[in-house]
Amino acid sequence: MKTKADMSLVKKAAKGDTNAFALLYKQVYEELYYYALANLCNEDDAADCVQDTALDAFSGIKKLRDENAFKGWIMKILITKIKLKQKEYIKQRENVCADEQELVSCSNAFEGVEIMDALSSLSDNERACIALKYIGGYKGEEITKLTGIEHSTVRSHITRARQKLRSFLSDEEEQL
Amino acid sequence: MKQNGFTDKLKETSPVPERISPENIEKKLIAQKRSRISVSRRAVSAAAALAIIVGGGAGYLYKSGYFDKELMRETSSVGQEESSSQKGSLVDSAFDPSVDPGIVTPQPKAKTYELTGLKTMSYDELGEYFEKNYRDTYRYGIPETVNEAQSFDDEATEEADGDATKKTNATNSDENADRKKDYSETYKQEKGVDEADIIKTDGENIFMIDDGFLFAVKADNGDMEEKLIDFTELFGEDYNNFYANEMYLDGETLTVILSSANRRSFSCWADEEKRTLDDMTVSVSTVSVAAFDISDIDNIRNTGRYSIQGNYSDSRMIKGRLYLTTSSGLNYYGTYEKGGKPEFAPVYTVNGQEHYVSSDDIFIPDNVNGWGYTNLSLIDIPDECRPISIKSILSANANIYQTADRLVLFSYYYNYNSDEDYKPQSLLVSFDTENGVLEPMASAILDGTIHDKYSLCYADGVLSVAVTEDKYDSLHYQMKYNNYLYTLDEKLDIIGKSESFGDDEVIKSVTYKDGYAYIVTFMQTDPLFAIDLHDPKNPTIVSELKMPGFSSHMRTYSEGRIIGVGSTADESTGRTTGIKVSMYDNTDPDDLKELDKIEYVSSEEESADKGYMTKTEYNSIHDEKSLLIDSGRKLIAFPLGYWKSDIEKDNDGYYSNNIQKAVCGYAFYTYSDEKGFELLGKFEDEYDYKQMADNGIYASPYTRALYIGDYYYLFNGNGIVCLDESFELTDRADLSKLTEGKDRYRYGGYEVYNDIYEIAE
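Those sequence lines, one after another, are chains D and Z. One gets the numbering used here by counting positions in the first sequence from 1 and adding 3 to each. One gets the numbering used here by counting positions in the second sequence from 1 and adding 10 to each.
Just so you know, these hints were derived from the structure itself, not from any lab. It cannot be assumed that every hint is accurate.
Cross-link-like lysine-lysine pairs, in silico, BS3-like; alpha carbons within 30 Å at most [unchecked claim]:
no.: 1; chain 1: Z; residue 1: Lys644; chain 2: Z; residue 2: Lys692
no.: 2; chain 1: D; residue 1: Lys18; chain 2: D; residue 2: Lys90
no.: 3; chain 1: Z; residue 1: Lys21; chain 2: D; residue 2: Lys90
no.: 4; chain 1: D; residue 1: Lys142; chain 2: D; residue 2: Lys79
no.: 5; chain 1: Z; residue 1: Lys747; chain 2: Z; residue 2: Lys671
no.: 6; chain 1: Z; residue 1: Lys38; chain 2: D; residue 2: Lys79
no.: 7; chain 1: Z; residue 1: Lys284; chain 2: D; residue 2: Lys74
no.: 8; chain 1: Z; residue 1: Lys201; chain 2: Z; residue 2: Lys191
no.: 9; chain 1: D; residue 1: Lys29; chain 2: D; residue 2: Lys86
no.: 10; chain 1: Z; residue 1: Lys284; chain 2: D; residue 2: Lys14
no.: 11; chain 1: D; residue 1: Lys74; chain 2: Z; residue 2: Lys490
no.: 12; chain 1: Z; residue 1: Lys644; chain 2: Z; residue 2: Lys201
no.: 13; chain 1: Z; residue 1: Lys603; chain 2: Z; residue 2: Lys671
no.: 14; chain 1: Z; residue 1: Lys644; chain 2: D; residue 2: Lys66
no.: 15; chain 1: D; residue 1: Lys18; chain 2: Z; residue 2: Lys38
no.: 16; chain 1: Z; residue 1: Lys201; chain 2: Z; residue 2: Lys490
no.: 17; chain 1: Z; residue 1: Lys142; chain 2: D; residue 2: Lys14
no.: 18; chain 1: D; residue 1: Lys88; chain 2: Z; residue 2: Lys19
no.: 19; chain 1: D; residue 1: Lys74; chain 2: Z; residue 2: Lys37
no.: 20; chain 1: Z; residue 1: Lys142; chain 2: D; residue 2: Lys65
no.: 21; chain 1: D; residue 1: Lys18; chain 2: D; residue 2: Lys66
no.: 22; chain 1: Z; residue 1: Lys21; chain 2: D; residue 2: Lys29
no.: 23; chain 1: D; residue 1: Lys18; chain 2: Z; residue 2: Lys37
no.: 24; chain 1: D; residue 1: Lys88; chain 2: Z; residue 2: Lys607
no.: 25; chain 1: Z; residue 1: Lys329; chain 2: Z; residue 2: Lys201
no.: 26; chain 1: Z; residue 1: Lys19; chain 2: D; residue 2: Lys90
no.: 27; chain 1: Z; residue 1: Lys547; chain 2: Z; residue 2: Lys607
no.: 28; chain 1: Z; residue 1: Lys38; chain 2: Z; residue 2: Lys21
no.: 29; chain 1: Z; residue 1: Lys747; chain 2: Z; residue 2: Lys228
no.: 30; chain 1: Z; residue 1: Lys501; chain 2: D; residue 2: Lys29
no.: 31; chain 1: Z; residue 1: Lys129; chain 2: Z; residue 2: Lys37
Quick caveat, the model's predicted, so the values are computed rather than measured.
Modelling step: build the complete structure from the supplied sequences, incorporating the hints.
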């Protein structure tokens with residue numbers, strides 16, 4: 004729901020009001036962080052990405068006219084940041100094939116944390132889809148819009164990822 | 011944030027770090043703001059000039075009030091949108107959308123078609139349509155999706171043209187066709203329909219695009235002399251931000267398709283209730299086409315330019331006429347009033363003047379596929395890149411299939427109104443392109459998804475389309491697949507449909523030849539189906555050949571021979587394991603045979619003395635333009651790259667993978683029915699993995715190969731190598747040296763937007 008108060012937050016932020024921006028950011032930052040974490044499996048990198056996203060979003064918020072669009076818009080920035088970070092990862096272990104990448108990510112992040120291990124076993128796209136669905140609560144077509152992954156592929160990514168993560172997602176069975 | 015077991019678990023195991031709390035972020039913002047103010051004040055005048063450069067089309071500045079047409083004309087050839095700085099004026103008398111001087115070449119009158127499944131509206135009706143359908147859903151615009159490099163999807167093949175890499179270039183002028191040619195050309199799906207690529211040669215010079223830069227290389231019997239074609243030097247700073255995507259070489263004309271990001275201003279509500287307006291600036295992607303006269307390689311001249319809004323999607327060229335597809339977002343902000351400026355219409359630029367696409371040329375399919383436009387431009391390259399025709403379809407992200415007579419846009423279609431009743435479909439829009447025109451004909455929805463452009467074939471008034479239908483089986487959490495071949499008439503009504511084939515497998519590659527469709531489906535093994543299309547009402551499956559692995563690309567090699575390139579696979583798991591090249595016999599489509607194959611299978615070897623395993627892993631081939639297949643020359647060349655690594659198991663049971671070396675190269679084979687495939691030679695670059703990181707040189711797989719006379723040229727991110735007829739290295743051109751110190755905004759990334767924004771401030 005759009006309210007007058009929210010509308011003015013975006014406007015204020017656009018005029019350079021950092022407090023207004025902080026209030027907007029407060030509504031989404033947990034989600035941004037957990038989304039980044041689920042994708043990167045690294046707490047430091049996830050926090051870096053969210054921080055960069057927030058700084059960029061502030062300098063670009065003049066572009067935005069509606070607080071309703073704020074979440075999707077900042078999410079789009081975050082997704083780009085995450086992709087860049089993932090590219091860095093790939094560069095670090097240049098040309099290691101997909102399986103080895105999984106092995107590497109399994110062994111270097113969150114040892115002993117079950118859910119992170121499970122997430123690490125997913126492909127980048129599977130992680131992106133499952134995280135948007137379960138952390139962000141986005142629907143299929145919205146995930147398509149955010150990631151550019153075709154809807155049919157989103158479905159199969161979620162199906163596959165869900166099987167791998169079933170014990171954590173059991174509450175959500177019916178919603179699929 | 012959503013509450014469920016998953017997010018609870020995440021929160022429990024890793025709380026949000028304090029440094030990104032709203033309070034701390036605010037502190038950082040304040041600090042950042044302070045450091046910026048002084049810089050941005052100083053930069054105001056510079057920003058004015060820079061915005062022109064960056065904009066490349068929009069001659070106004072965000073909230074600076076700066077608008078000087080004369081300066082714009084002097085500074086560059088780019089135009090400006092008239093009166094866009096007149097805030098608050100809804101009706102712009104200077105702009106008359108009905109007058110459209112952009113298209114100056116009279117369009118040859120095509121047959122008029124009664125449109126099926128498509129309609130046009132006036133701008134006013136369009137405004138109402140968007141207000142009704144768009145405003146509530148995605149009021150602030152969806153981000154324009156950047157066309158991601160698709161594997162085989164956007165690439166070239168043919169139907170009948172077995173030796174397409176050879177001496178057939180219908181797009182060249184006749185005199186060129188007569189000249190004796192001994193060099194390879196870009197592979198084409200359809201005879202006479204040229205396709206763009208990142209390398210092109212005229213037998214003397216090679217043109218190459220790498221990382222958005224354009225290079226020219228003089229190739230002289232094994233020696234190379236390379237140079238950068240610097241847009242900045244040729245055209246002024248204006249071109250610095252342009253990123254070259256692909257090109258065409260037609261005689262002495264090189265046509266380059268460039269991308270950039272523009273800033274454009276739109277009216278939005280300052281206060282909707284009081285009906286007061288404001289300007290907002292949005293970053294808009296633009297595709298430009300620039301033609302160059304390359305008759306004198308040391309004096310390359312620009313001969314024309316055309317721009318249109320959107321991201322580059324695909325293109326074809328027939329006899330000097332370029333068919334360009336871009337996809338652009340819909341910029342509708344709810345402020346349109348009748349008779350006003352149709353800001354929601356796509357914008358194109360001719361001769362530095364901007365124009366909105368005419369409402370007569372904006373087509374709305376009965377089933378709109380996403381909120382955005384697919385813009386098709388037909389451009390006369392020899393005539394200074396003037397547009398002959400521009401058509402915009404309200405539907406996002408379409409791919410092209412094109413023959414000399416027909417152009418078909420196809421895209422995934424999703425019905426937004428019924429999320430529960432999920433059914434993947436495809437949206438098709440067909441155009442008449444006979445005699446160099448562009449005339450919409452019909453639009454229709456087809457059940458199932460289309461794998462790539464090779465899944466379509468138009469011949470004798472019948473369009474054949476191979477599709478995969480998938481259904482989600484919620485009982486077993488599985489996807490169910492069925493494949494069909496449809497035949498459609500000119501109105502895209504279904505004439506016939508094959509029986510389902512390759513159940514629970516998906517289409518991997520398709521090729522058509524002489525009234526038969528050859529289709530590979532795959533899940534664990536690779537059946538190759540032959541489907542008889544001679545009776546369009548009744549497409550019939552006539553044979554099926556099963557074998558391990560699959561072809562992700564097929565083309566006719568010679569009469570009765572189809573070559574397939576793809577992957578080997580483990581039959582029990584369906585997991586791909588390496589490279590496979592197969593030669594099939596289709597002399598009798600009822601009885602398909604695999605005659606011979608080349609296989610490179612990844613392997614693991616136990617080495618007893620070292621206590622670990624040595625693994626060799628082959629890179630799969632995922633771009634059919636990387637294949638150099640020429641039946642005239644009896645040549646089959648493909649990229650061959652692999653990794654060698656040592657695998658150790660540590661005490662915790664984790665495997666650590668130590669890559670020792672990377673090899674990037676090409677394999678050259680010949681084929682004869684008597685002896686099958688025979689290896690002619692290989693070229694391999696070896697990289698020591700440990701040294702790679704230290705030296706900053708990375709293994710870069712070769713992605714293209716061509717030949718000129720007896721010499722072969724291979725291309726990768728590090729440059730070009732030249733090989734003689736025995737595949738020995740004769741010269742190496744390092745292109746990265748030429749671009750040192752030349753920064754370029756990467757098109758399509760977030761950075762572009764960010765940089766532009768900085769400048770605007």
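Hint by hint, work out which the structure violates, then give me just those numbers in ascending order. Violated: hints 2, 11, 13, 14, 16, 24, 27, 30, 31.
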